[in-house]
Each structure stands twice: as C-alpha cells, then as structure tokens.
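Number of protein chains: 2
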Amino acid sequence: MLPVNPPARLLMGPGPIDADPRVLRALSTPLVGQYDPWMTSTMNDTQTLYRQVFGTANVATALVDGTSRAGIEAVLVSLLAPGDRVLVPVFGRFGHLLAEIAGRAGAEVHTIETAWGQVFPTSAIEDAILATRPKVLAVVQGDTSTTMNQPLDELGAICERHGVLLYTDATASIGGNPLEVDAWGIDAVSVGLQKCLGGPSGSAPVTLSPRATAVLDGRRSVEAGIREPGDEVLDEPIRSNYLDLAMILDYWGPRRLNHHTEAASMLYAAHECARILLEEGRDAVVARHELAGRAMLTGVQELGLQVFGDVAHKMHNVVAVRIPDVVDGDAVRGAMLADHGIEIGTSFGPLRGRVWRIGTMGYNARKDAVVTTLSALEQVLRRGGFPVPQGGGVDAALDAYAAAAAAAPASSAVVA
Amino acid sequence: MLPVNPPARLLMGPGPIDADPRVLRALSTPLVGQYDPWMTSTMNDTQTLYRQVFGTANVATALVDGTSRAGIEAVLVSLLAPGDRVLVPVFGRFGHLLAEIAGRAGAEVHTIETAWGQVFPTSAIEDAILATRPKVLAVVQGDTSTTMNQPLDELGAICERHGVLLYTDATASIGGNPLEVDAWGIDAVSVGLQKCLGGPSGSAPVTLSPRATAVLDGRRSVEAGIREPGDEVLDEPIRSNYLDLAMILDYWGPRRLNHHTEAASMLYAAHECARILLEEGRDAVVARHELAGRAMLTGVQELGLQVFGDVAHKMHNVVAVRIPDVVDGDAVRGAMLADHGIEIGTSFGPLRGRVWRIGTMGYNARKDAVVTTLSALEQVLRRGGFPVPQGGGVDAALDAYAAAAAAAPASSAVVA
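Read top to bottom, the protein sequences are chains A and B. Position 46 of the first sequence, counting from 1, maps to 45 under numbering that gives the first Met the number 0, and the rest follow consecutively. Position 20 of the second sequence, counting from 1, maps to 19 under numbering that gives the first Met the number 0, and the rest follow consecutively.
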C-alpha cells in the first residue's frame, strides 16, 4: 500500500475545508509526554487562546478529543441527567442531531420545528421555554444543512430569567459569524475546527459558564483505578466516561487527573487555528467571511441561480443554491470535482439533491477562491447546456471586493 | 502567543512515545472532502491495512475518532444494552476502566480481581464465566499500569463454547506482543496508535467479528435528519450517538451514511502507522519489541534494580522497575527529563510512586534508545547517591543485542 497522496482539491463545500497550511505544519510537530511541563503549559495556553476565540472568561474551556459531534455529546450527556428536560428548536439536520443525542443521554426531549430555510423568532423560543420549562435549551447557531444562522444574542437573558441553561453548537458558524459567549450569556458552547477555524476535523473546543460548571460539580464521579480517599463516587454517574466533561476538565485543570491521553497532534492543530484567528482579529475574520460570503452570493445570483432560504439570516460562510430543474445537480458537482478540482456539496433530508451548498470558510474565505469557484461553475453549467451569462458571477464577486476595498481604509484587514 | 515549539524529548515511558517521523509527515497531508472518491477509497484502504494489523478478515474494521478510550467505550456501549451482564477480569488500572465504562453504559458488571503484577489463569476466567454467565467478557490484553500481558489465546474457544462475546482492549500491547484476532477467536478489539504503533493519540482502530456485528445489527437506529423510509428506528437505541458502532460502520461501509466528519489527519496517521508495521512485518515487529524489552529488562537488572510483577507475563514493550527505598523516584524522573531529555513514567493507584515504568515501544523500540536510556539512568542514580555499577546496564543491553545478532541470520529484521 502506498503512502497517502491526495489529489489537489479546493474545498468549497460546507466543510471540511482546506486546512490552513500553518495548521498542517503544526500537525507534524513532535509529540511530548502528557505530563511534561511543556505539555501541560501548552494545554493551558490553548485554553487561554480558546477563551479569546469564544469571547469568554470561562475557566472551563478545553478541547474534547473527537470531532465536533463528540463535543455536542460531551456537553449534552454531561449537563443532562436521565429524565432532565431539554428543549431543542429544530431548523435543520443538526437540530435533529441535538435532539437525538439528548434523547440517547436519557433526557426528556422537547422540540419545536420550523421550515428548513427559516430561523425562529426569539419570542417563539421563549414561548416554548415557558411551555416546557427545560433545564437546558440546546440550539444550533449555524445549521449547515440549511445555511441558516439562528440569532442567539437575546436568548441568554431569556434563559437566565427562566432558570434555563443555554447551550449552542456553533461548529459551522464560529469564526465566520459573531459569537459572544459571555456578552450573550451562553452557558455552554461546542465547536469543531473544520469550518471557519481552518483546521481538520477531530478536535472539539468547548466552553462552560460557571452556572454550567456547577451542574458538573454535582455530577462528578472519579473513576476506579485512580480514585483517592475523599473523591466523589456516584451511583449514577454521567452516562459516558469518555465524554464526561467533569473528568475532562479535571484532566485539563490543576489536578491533572488522568483521563484519556491527550491527542497532542490535534491539540497542536487547535492551538494554531486559534492563533491564526486571533492574529487577524475576531472582528476582521468575521468581516472577511461576510465579504467572501456576499461576493459568492451575488456571484451565484448573477449567474442566474436562485438562493435557498431566508438570506437575511444565512451564515456568512455558506450559501445554498437551488439546483435548476433542468440541471443534473450531481453531474455538476462531479464535473466541478473531476475537471476543476473544486468540491461543492449538496445537503441532507428534504434538501438532498435540491441545493448545492457552497462554502467560503476559514482559509478559503479568500477572493481568489471565490472567483475560481464562480468561474468554474460558469464553465460547468455552460458545458451542461444551462445558459449562463459570460463572466456574470466573476464580475459580481470582483465588484463586491472592489466596493469593499473602496469603502474601507487602505490598511484594513477587511480587504486583505 | 508563539507557535508550538516543544523541547527535544525521548519518550521512554508507558506511552505516548515519539511518533515515527513518517507518521508526523503523514499528519500534515492536505485535507480532502469526506465523500471525495479519493477519501472513501483511502478509508477502504485503511480498513484493509488494519485487518492485516489485527490478523482478521472482519469486514467491520474501522477507526473511531477519539483516543483509545473512545474505542473502548464505543465497543462496550454498542455491544452492551442496559442490564446486559459483562465480566471484567481486573489486573490493573485499565481493567477498572473497562468495568467503569461498562457500568456507565448501564451494564450489570461483574469483576474478578487479582493482585497487581499478576495475570489470571485461564481456568479462573472460565470459572467466573460459568458463575456469572455474561454476554461479554471484557479483558485488557496488556495493562500498562502493571505491565502485565494477559494470555488470551485460549479465551476465544472458551467464550464460544459458553456463548460469550470476547472483547479485548489491546491498546498497550498491539504491535509489541502477539495478537491474533481470528486465530484466537476474539470478537471485538480496540486499540490506539500511541504505543507500539508509533503514532499520536487520537484515533482508535476497532474490529468486530461477525458475531459481534450481529449484535449491532439488532441495535441499529438511523438518526433523524438523515433517516429514510425503511430505516431502523429504535425506542431504546445505543446510549451514545458519537460512539455508536452501528452508525460508525454505516459511515465506513458501502452506504456511507453520514455520521461524524472523519478526522482526516488522524486517518492519515493511522494509515501510515499500519503501513510502517506491515512493511517490517507483524512477526518482525513483535520480535523487535521482544529484543528491546529484554535488553531493557536485563539492563535495569544489571544496574542493580528490581523488577515488579510476574516477569514471565509482562508485555515486551514496558517494564516496571521498583523504586529503591532510598531513592526519590520523582526526583529521578525529573532529572531524567530535565538533564537528559528522556521521559520515563510512574504508575497509578497502589503502584503510584512505587515503580518507574520504562517503555520500549514502536519507533523507540530501538537499540540506541534502550542504550541511551540505561546510560542516562545510570548517571542520574549515581548523582543521586545510589550506587550503580559503571556501564552495567549498557553492557547488558548491548550483550542482549549482540547475542540476538549472532543467533539470527545476517539479513534478519530482528537485529535491524
């Protein structure tokens, strides 16, 4: 068997996207033992970095060693004891996932649903809170299945008023869209690296407020084999050992209580993802995604394509394009990949085969990536017999970039 | 915050160990989309490689995206429904861990225990099977906390005779010691990369026999959001979504049903770990670990140190050295790290502070690594005031290597 040797790809789907080359280099950093002073110091540094990424002072900020889905399950299984009520507003595939994971954790799951392509008015969520009185409100921020970005900025205050913990899965949205954990009063957040953070899948940064940490404190159970006199042992511990955030945080905390062996390579990647984001600046990164997303949006529109969903509420970093009835969507995706080396996606469930999802995320939220993708899409549609205006998409995107450059100070990072 | 920049380290503890430089390079390979034909083909190749590593024809062979502990929990939570009986022979910290994880999965856990430093006679395990009639026998192969290697070669036949599924956690032992999944009749195995496979923590290869897969077939529940007409939905699905092996195997199987986003960088690492092992040959790799382990064992003995436990049953790849009463064990470990750049470990629970654990694993199961470690240990003990024979450890190790070279054909990989 030969070494892995992937083809050249520009990943413009809903994620994963091309990792920043700096992150790829960080991945190849040599390993160090898990209790080496350098390693524990690097873990502490990584926590400091992610507090800044999240906009939080939460002590309980760490990485879960798994994909973003592991982070979701870690939060839900750790906060929700069997029988606890959780409310999940579902506006796409990943809302269903939160409900599914909470259900498997033994929670009493209540959902409200809206049509794919819409978000919830805040009042609808508050009404549902009043009707169900949950312990936790679990809501996706950006659901890539529909591209929608649920407004969260008012939910923290509502949840606090009603004694509810607010958890959000911000995997798809973080970096590309505003997320202010402390200012918005969010109690728990989990994310992944493989979208706007420009890294590989496989590490899930999480953060928990003091209110959420207090729940863990009541559910801590130190495992046999490393337990010491005075350690907590519960008859009904958190249902997962691997995803028990109380134990994970004891490993990341001053006690350094052994749990798993930290996935050092993924830690290095996560560390570099955060450094890259903070170097550019959180607001500048969001602005870069907003511009790239706007350029892509106007580009596909000027190619004569329709956009799916409530565009006013879509994430900056991904757009869902309706596949015209006369076009074979999979053939277009196949030609984009085979002839141009560019990946775009379709979606799930009711949107499977009905939309293409085109991402402008992380390292790929760049002018040249946007323009190259629109240029390729024009060629593929043309060759497939679908009439498209020559250069319509490319011109629209370049106009968006030119307008942003003209409007911004010359030194602004927005037009970098 | 500066980029990660670890100090030079030779990792001769119980793991993680220095990753093979080839694996570090593989980690920095560019990403590809999860449904790219190249990616799915590379996932298939990785399954083929791990079938060879495990010595199995099991179709159900894949990676769990998490550390070795995630692999353990995936197997146990997927095979054990709440109330199912499991028998765990405990001979160290990781036996306690299997019991803990099974208990959190809701299983009825029965344990038998033996003193740390011993293994179980096969007959004792069969007696316990007869007494408890478990659905699953869950046993660690090599428990790094004690260095013991439980003989498994007769357990498969016993389990089959009694209708029991045999699961083993071979994280610490695989590669360094024989493991024959099909020939020994083992139904489920999980491992990690960070010991004798020479990779980083963060990916857990697993394999399941057809008998074990049949259990999953009865517990499959396709999640909302991607469910299609005819798909299975259970009222009581597997308690974890992230670690549901039925879903993970549907993602790795021909249906490619979306679950997590594969951690591509860790997949690349796992792929390269297997390639390296198979290139050298499974038997040759075990022989290399046997020789390195024997050289280290005689080396520490010739330095005048005592070895802990039943040496006839220890793993090849790690030795537990009793810390002499007059020696400050942590000071020795500190000086090894600070002055020589070499990490050795201590242990857990009853052995914490009582032994040093010295590993000779994977990329570090090499003559120069063994000799360098023994040379450093001699110096550190001497400077600490503990009398050691000059060159006693180094000579013993080199004699072991010379004897092996003299006994083996000139071209043998054993002395490479």
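Please note that the accuracy of each hint is not assured.
Non-contacting residues of chain A with respect to chain B, defined by C-beta distances greater than 10 Å in every case (computed) [as the list claims (entries may be wrong)]:
id, residue
1, L26
2, H109
3, I111
4, T121
5, P199
6, G217
7, G229
8, H270
9, E279
10, T297
11, D309
12, R365
13, F385
14, P388
Under 10 Å between C-beta atoms, here's a sample of chain B residues computed to sit facing chain A [said to hold, decoys possible]:
id, residue
15, P2
16, G14
17, P20
18, L23
19, Q33
20, G65
21, H109
22, I111
23, S144
24, S220
25, A273
26, D327
Chain A regions said to be covered by chain B (calculated; three or more residues, Cβ under 8 Å) [to be verified]:
id, region
27, 43-52
28, 92-98
29, 252-259
Because the hints were derived from the structure by calculation, they are not lab data. For every residue, glycine included, the Cβ atom is placed at its ideal position computed from N, Cα and C.
### Query
Which of the listed hints are broken here?
1, 5, 8, 21, 22 and 26
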